[in-house]
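So the sequence shown is numbered by the numbering used here: it starts at 265 and just counts up by one.
A few of these clues could be false.
Listed below are the simulated SDA-like cross-link pairs for lysine to any residue, each with C-alpha atoms no more than 25 Å apart in a straight line [stated by the list, open to error]: (1) Lys-691 - Gln-655; (2) Lys-327 - Arg-352; (3) Lys-671 - Ser-652; (4) Lys-753 - Ser-815; (5) Lys-753 - Val-836; (6) Lys-760 - Glu-834; (7) Lys-659 - Thr-624; (8) Lys-691 - Gln-765; (9) Lys-327 - Ile-368; (10) Lys-327 - Trp-343.
Worth flagging that the hints you see were computed from the coordinates, not collected in a lab. It should be emphasised that the depicted structure is a prediction, and the values quoted were computed from it without experimental measurement.
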Amino acid sequence: MNYKGSGKVHFGVDDVSLYGTPKEELGPGLPGQEVKQSFLKNQLQALFQPTDNKLAMKLFGSKKALMKERIRQKAAGHWVIHPCSSFRFYWDLCMLLLLVANLIILPVAISFFNDDLSTRWIAFNCLSDTIFLIDIVVNFRTGIMQQDNAEQVILDPKLIAKHYLRTWFFLDLISSIPLDYIFLIFNQFQDFSESFQILHAGRALRILRLAKLLSLVRLLRLSRLVRYVSQWEEVYILQNLQKKRTERRGRLSSDNMTKKKSGFSKSDLIFKFLNMASVFMRIFNLICMMLLIGHWSGCLQFLVPMLQGFPSNSWVAINELQDSFWLEQYSWALFKAMSHMLCIGYGRFPPQSLTDMWLTMLSMISGATCYALFLGHATNLIQSLDSSRRQYREKVKQVEEYMAYRKLPREMRQRITEYFEHRYQGKFFDEELILGELSEKLREDVINYNCRSLVASVPFFANADSNFVSDVVTKLRYEVFQPGDIIIKEGTIGSKMYFIQEGIVDIVMANGEVATSLSDGSYFGEICLLTNARRVASVRAETYCNLFSLSVDHFNAVLDQYPLMRRTMESVAAERYKLWLGLFYRVGVLIDVNHHLPLPSTLFEHFVLSDGTEISHLLPVEIMSLSPQHTDILVCVVRNSKRLFYTYIHTHIRQTRFFRGEKNEKMKGDIVGHVDFPCERKTVGELGRI
Numbered sequence: 265m266n267y268k269g270s271g272k273v274h275f276g277v278d279d280v281s282l283y284g285t286p287k288e289e290l291g292p293g294l295p296g297q298e299v300k301q302s303f304l305k306n307q308l309q310a311l312f313q314p315t316d317n318k319l320a321m322k323l324f325g326s327k328k329a330l331m332k333e334r335i336r337q338k339a340a341g342h343w344v345i346h347p348c349s350s351f352r353f354y355w356d357l358c359m360l361l362l363l364v365a366n367l368i369i370l371p372v373a374i375s376f377f378n379d380d381l382s383t384r385w386i387a388f389n390c391l392s393d394t395i396f397l398i399d400i401v402v403n404f405r406t407g408i409m410q411q412d413n414a415e416q417v418i419l420d421p422k423l424i425a426k427h428y429l430r431t432w433f434f435l436d437l438i439s440s441i442p443l444d445y446i447f448l449i450f451n452q453f454q455d456f457s458e459s460f461q462i463l464h465a466g467r468a469l470r471i472l473r474l475a476k477l478l479s480l481v482r483l484l485r486l487s488r489l490v491r492y493v494s495q496w497e498e499v500y501i502l503q504n505l506q507k508k509r510t511e512r513r514g515r516l517s518s519d520n521m522t523k524k525k526s527g528f529s530k531s532d533l534i535f536k537f538l539n540m541a542s543v544f545m546r547i548f549n550l551i552c553m554m555l556l557i558g559h560w561s562g563c564l565q566f567l568v569p570m571l572q573g574f575p576s577n578s579w580v581a582i583n584e585l586q587d588s589f590w591l592e593q594y595s596w597a598l599f600k601a602m603s604h605m606l607c608i609g610y611g612r613f614p615p616q617s618l619t620d621m622w623l624t625m626l627s628m629i630s631g632a633t634c635y636a637l638f639l640g641h642a643t644n645l646i647q648s649l650d651s652s653r654r655q656y657r658e659k660v661k662q663v664e665e666y667m668a669y670r671k672l673p674r675e676m677r678q679r680i681t682e683y684f685e686h687r688y689q690g691k692f693f694d695e696e697l698i699l700g701e702l703s704e705k706l707r708e709d710v711i712n713y714n715c716r717s718l719v720a721s722v723p724f725f726a727n728a729d730s731n732f733v734s735d736v737v738t739k740l741r742y743e744v745f746q747p748g749d750i751i752i753k754e755g756t757i758g759s760k761m762y763f764i765q766e767g768i769v770d771i772v773m774a775n776g777e778v779a780t781s782l783s784d785g786s787y788f789g790e791i792c793l794l795t796n797a798r799r800v801a802s803v804r805a806e807t808y809c810n811l812f813s814l815s816v817d818h819f820n821a822v823l824d825q826y827p828l829m830r831r832t833m834e835s836v837a838a839e840r841y842k843l844w845l846g847l848f849y850r851v852g853v854l855i856d857v858n859h860h861l862p863l864p865s866t867l868f869e870h871f872v873l874s875d876g877t878e879i880s881h882l883l884p885v886e887i888m889s890l891s892p893q894h895t896d897i898l899v900c901v902v903r904n905s906k907r908l909f910y911t912y913i914h915t916h917i918r919q920t921r922f923f924r925g926e927k928n929e930k931m932k933g934d935i936v937g938h939v940d941f942p943c944e945r946k947t948v949g950e951l952g953r954i
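Generate coordinates for the entire structure from the input sequences, incorporating the hints supplied.
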């Protein structure tokens with residue numbers, strides 16, 4: 265505490281309190297008692313301000329906006345309570361507990377107790393009525409959150425009072441006034457000498473006690489409390505999901521092990537548990553509400569005969585319960601009411617009087633209404649618990665109806681059904697619609713997270729630029745293929761390349777033989793996208809395959825932004841192409857990669873020995889590999905169990921393709937083989953690739 269020459273007292277460095285309110289400047293002679301009162305006043309006002317909690321942050325978005333709301337709340341008046349304040353939260357909680365106690369105890373006391381003037385009962389009623397009256401005053405000073413704009417809270421006391429007077433004020437006032445005790449006080453000044461008058465005065469007192477049932481209208485105030493609590497519940501669930509997602513990133517390996525064993529990761533199980541807990545809590549609330557209505561109905565079943573003096577044909581008199589203990593009376597009344605509400609009977613005896621008959625019908629109607637509401641809410645809650653699975657079942661039903669309408673064969677129907685089972689895994693989402701509604705950054709983060717295993721398994725992405733990888737994965741499209749599906753067909757124009765997330769594919773040659781197989785983390789089809797040429801081999805799914813495809817337009821658009829990656833891919837594609845040639849062209853139909861025409865399967869070899877002898881051979885041909893310049897093809901022929909190698913060269917002499925072989929000391933000139941058929945010269949950039 266620093267003292268300055270002006271005589272003013274300054275607390276700390278500045279004059280701002282811990283709650284964002286300016287501290288009062290105190291005179292040099294301010295008594296300690298007034299300082300204490302000022303401190304308590306500031307503390308009390310701080311309880312009325314919006315606190316830095318999850319609900320306030322959800323409504324206002326940032327701490328800066330929250331500070332502005334505090335300033336606005338203070339400008340509205342010293343005793344205006346913000347609906348997001350700590351005081352209002354705890355006050356609503358206390359009112360909720362008191363309401364539940366009144367809803368349970370009040371009907372029992374009115375119906376089953378003749379002596380309503382006991383000390384405990386009077387104390388309970390006085391305490392409840394006093395708190396309800398105080399609640400009316402609190403409501404006149406509590407800000408109102410607008411339903412159409414929750415961020416703008418009404419803090420003007422005049423507008424608050426006007427709104428409260430138009431809505432719940434009169435019901436709250438009537439239910440809070442102690443009409444029975446007012447009647448008793450008024451009755452003290454009356455002269456009732458005859459016992460008849462006293463008897464009817466007692467019954468009139470019981471009838472007036474029915475006014476206490478008006479306090480049940482406070483049940484309507486629970487809607488605001490439920491909305492307030494549900495907002496906290498939503499924020500709490502989002503907070504827990506964010507925390508569990510953070511923890512999940514640190515233990516992806518253990519989650520993957522759990523998912524392989526059980527089909528769900530730990531975070532999935534936690535989310536499912538939280539969702540189930542929320543749904544079952546709502547169903548539990550519905551059950552409690554139904555039991556509460558049954559409780560009221562049971563009290564009413566006994567109250568009406570009691571007010572009539574227990575006629576001989578009433579169910580109370582028939583069961584001889586007039587002088588029984590109140591718990592026994594309540595038990596039989598509750599049993600009778602629940603029998604009516606659940607429509608399983610009339611209780612121990614059917615109604616014998618007109619009053620009992622009307623009470624029975626009232627119980628049946630209320631029970632049927634509650635039962636219908638309960639089933640409707642429970643069904644909606646259960647369906648909302650797993651809406652994606654419900655949509656999947658509806659989708660499968662539509663597909664089945666379509667297959668029946670088109671009269672598809674059984675085998676095709678089986679394949680379609682298996683495709684949907686593997687593609688959607690029992691859950692149906694419109695992923696494109698969901699991602700399209702997200703912001704660009706959030707959509708990119710979601711796609712990157714969904715493709716994290718693919719990026720980790722593809723070696724090509726390991727050393728690539730992170731921006732390039734992100735641009736690629738955001739343009740990928742998820743596809744599923746069944747065993748035996750032709751993913752790429754030989755001779756077609758390439759329009760996509762594929763990344764294998766899960767599954768095995770076979771590279772099939774023209775004669776139907778499998779050259780090689782690719783599995784998780786591999787990719788294929790990129791060479792054809794670089795050249796815009798036709799496919800020279802087929803790719804067939806060996807197992808169920810989960811692939812990500814990249815269209816040629818997206819492929820070129822991304823590479824145009826990253827020219828270095830284009831050169832890298834071209835280099836990798838050239839190396840992969842030499843490997844493909846070594847795999848494909850050892851056997852089977854030979855394809856001229858440069859001309860898109862079939863090469864001869866035999867080579868006519870003609871040469872002259874040193875002694876003048878001419879020798880001609882027709883030898884089988886095997887193409888071994890492509891030269892690095894993509895201009896020559898190394899050709900192998902077999903003669904006399906020996907492999908001879910030739911180089912296929914480009915020439916257009918007499919429209920003949922020539923093969924130049926290695927010189928032999930016994931031969932004059934080059935070994936030349938020729939096959940006569942037309943050919944068309946093409947550039948290296950137009951080479952057909954896989």
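Verification of the hints:
no., hint, result
1, Lys-691 - Gln-655, "holds, 7 Å"
2, Lys-327 - Arg-352, "holds, 20 Å"
3, Lys-671 - Ser-652, "violated, 28 Å"
4, Lys-753 - Ser-815, "holds, 16 Å"
5, Lys-753 - Val-836, "holds, 23 Å"
6, Lys-760 - Glu-834, "holds, 16 Å"
7, Lys-659 - Thr-624, "violated, 46 Å"
8, Lys-691 - Gln-765, "holds, 20 Å"
9, Lys-327 - Ile-368, "violated, 42 Å"
10, Lys-327 - Trp-343, "holds, 23 Å"
Checked against the numbered hints given earlier, the structure breaks hints 3, 7, 9 and satisfies all the rest.
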